[in-house]
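**Student:** Residue numbers for the sequence shown, in my numbering: 1 to 267.
Mixed in with the good hints, there may be bad ones.
Said to hold, decoys possible - With a straight-line cut-off of 27 Å between C-alpha atoms, the simulated DSS-like cross-links for lysine-lysine are:
no. : residue 1 : residue 2
1   : K241      : K197
2   : K83       : K35
3   : K91       : K42
4   : K43       : K91
5   : K26       : K78
6   : K42       : K78
7   : K26       : K43
8   : K252      : K216
9   : K216      : K26
10  : K26       : K42
11  : K216      : K193
I should point out that these hints are in silico values taken from the structure, not numbers from a laboratory.
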Amino acid sequence: MIERWELAKETGCDYVELPGHLIYNKSEEIETDLKIGCFPRKKDIENFYTTSDLPDDLRYVLHTDPSIGKYNRYGLRKYTEIKWFNSEWRKRYCHLIIEIADYLGRAPSIIEIHPGDTQNLFEDVVSFCIEVRETFSENYGDVSVLLENRTEQFIATGRELRDYWQYITDSHRDIREKLGLVLDIQQLFTKTKTRFKEEFSIIPDESLKGFHIHHKHRWPSIRDPIPWSLVFSRIRELNQKIIINPEIHQKKRVQQSIDFCNRMLNL
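Take these sequences, add in the hints, and give me the full structure.
**Tutor:** This is the structure:
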């Protein structure tokens, strides 16, 4: 965590992203003797996170479980079931996030969540946003909750993202400043393909609070099939504060990805 923060400061970033996942893979299954998708216990949190010598200025985005298929200890591919429709499950996730914040000694600036499958409704997702914000208000203060689109989940296309935001606008206008979308451009492109431009264009400006920029989790390039010029042209026109996450898997390419984003933002 400290290494991430030092790299973030070196490259001019304001936040690091930290996982707030449930039991995630076979290594964590073996370490905890819990199954993929189970809630980690307090002792597991203490094993997963390092708190020694954390800098006072550390700021982070907590990334909740995205439900990515992982192999368990028996060689079977398993997915975490995201149960926003289940009030008890939502309550347990709120408690987990508070436990992580308590152990780290600081709250996240932003919480990122994911839609889950069609068992969930817009109402269920927003119910969690409200509940986790209320929980944080009691313990730490205000926090923003942003939804990331996932290709295989129930909010994936531009139309679905638009409709989710319309639901918030119609039913929860009083908190929409603290809710919004983190748009994963690659996942939207994968889902919409030749319709990308149309689907991208119908997502309301005011909903866009962040972007994940990568090409299949590799560094982005103007030669990618994703129309980055179109994407960054729109980002430049947004009036609100946004976060940009160069979400790549190669540490040595982080600076290259950030440089790409800065060039595209300054055209």
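**Student:** Tell me the hint numbers this structure goes against, listed in increasing order.
**Tutor:** Result: no hint breaks.
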